[in-house]
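Novice: Protein chains in written order, with the numbering used here: chain A, 5 to 236; chain B, 1205 to 1407.
Simulated from the structure, these hints should not be mistaken for lab results.
Glycine included, each C-beta is placed from N, C-alpha and C at the ideal position.
You may find that some hints are simply not true.
Said to hold, decoys possible - Examples of chain B residues lying across from chain A (beta carbon under 10 angstroms, computed):
1) G1249
2) A1279
3) G1336
4) A1393
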Amino acid sequence: EGFSLTEMFRIAAGVAATAAGVCLGARACYAQEPKQFPYSCPPLPYPYTALEGQGISGETLRIHHDKHHAGYVTKLNAAVEKKKELHNQTIEDLVKTQQGAIFNCAAQTYNHTFYWDSMSPAGGGEPRGKLKEKIEAQWDSVDSFKEAFTAKAASHFGSGWVWLAQRNKDGKLVIMDTHDAGCPLTDSGVTPLLACDVWEHAYYVDYRNNRPEYIKAWWNCVNWDFAAAKLQ
Amino acid sequence: ETQKANLKQNMPFTCPDLPYPHDALAAKGISKETLTFHHDKHHAGYVTKLNALTEGKADLQAKSFEELIKSEQGAIFNCAAQTWNHTFYFNCLSPNGGGEPAGALKEAIDSTFGSFEKFKEQFTAAAVGHFGSGWAWLVKGGDGKLAIVGTHDAGCPLTEGQTPILACDVWEHAYYIDFRNARPEYVKAWWNCVNWEFAAKQL
């Protein structure tokens, strides 16, 4: 099977960006540096304006990353500061073991890092290889997978996230949604592959109440390589 | 503001108009654009969805929003409650609002919270601190006592037998156009708009 011209451009852009030091593939980090308290907010994997051609503005990325994402890290550090017994925990440890405000902040920190990686300036188009096969095996076609994911993302009521994930026991792919700060890490049976943020702050600057238009933009950005690298 | 569908004419639920023009609160920090989206898209959108969900269900179409809130769950509850919550919220704001309450409401606030300032602090904390989508309310409990409560997503105090007195919408759509992530700034604007006359009537 050959690559279309569009796909070749995307791959070339990805190679160029990687050469420029921007990570497009699976970052090791939400194993962040440092791994323990005090935590820091990972930088965006690309410039603020990187997704504008695909429908997510620089203003959105700047506020979403620098205010919301970074804000969760600040609140997390404030909440964890006096609890020395947690200081050697990673973000993922906290997500798996904590509740209330510490869970919310740790999970939202993790979720947002995952979300940035789920998108790419070289993203969009169609999945390839094993990921494509698994999607087709499950949903008959990539289009019908996208329809199912889109429906879930469009209809989630209130703040939350929609995920493509893989079941550890049998390798099946699943579309799941989590509410508020909900994170798939709390379910030891699944491994997340892609995240779509449907909190209103993710789309209100660019699309106001029109979440379906935002989801279309998300599809233009979706980082299939990131998902494929996590596939077992 | 109860509302019943007219079965003979097969009329659906309708969205109440804003109690003032879309630009009425702009000077106080809540812009025309916000009220336009908030009322004409979000509020009206819940009514449209409610009509779609109750299509062909005469028993549900005959109910008021309050009755649906008390009897239904899931998507129908969400739409009925959000419709009711928003109608209440827009009535809690006024171009002539702001300042402090008087009369019986002032006395009730003073005796419950110690002072208006303390009430304002606690209500602000509830509004600013709510995680995710939801609402901050001043309510009168079944015991007649005032309380500040938060509800999540479409939650409505009517389901707890409480009487709402004031509502502050803290879904991000309520403030993102004017304040982006700065919810505390939005809550300051909300205080500038508070319709104490409407609140006093609910007591």
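Novice: Take the hints in turn and mark each one as holding or not.
Specialist: For each hint, the structure was consulted:
1. G1249: Where the cut-off is 10 angstroms and the nearest Cβ of chain A is about 7 angstroms from B/G1249, the hint holds.
2. A1279: holds (8 angstroms)
3. G1336: Holds, because the Cβ-Cβ distance from B/G1336 to chain A comes to roughly 4 angstroms (cut-off 10 angstroms).
4. A1393: Cβ of B/A1393 sits 17 angstroms from chain A, so the hint is violated.
Comparing the model with each numbered hint stated earlier shows that hint 4 is the single one that does not hold.
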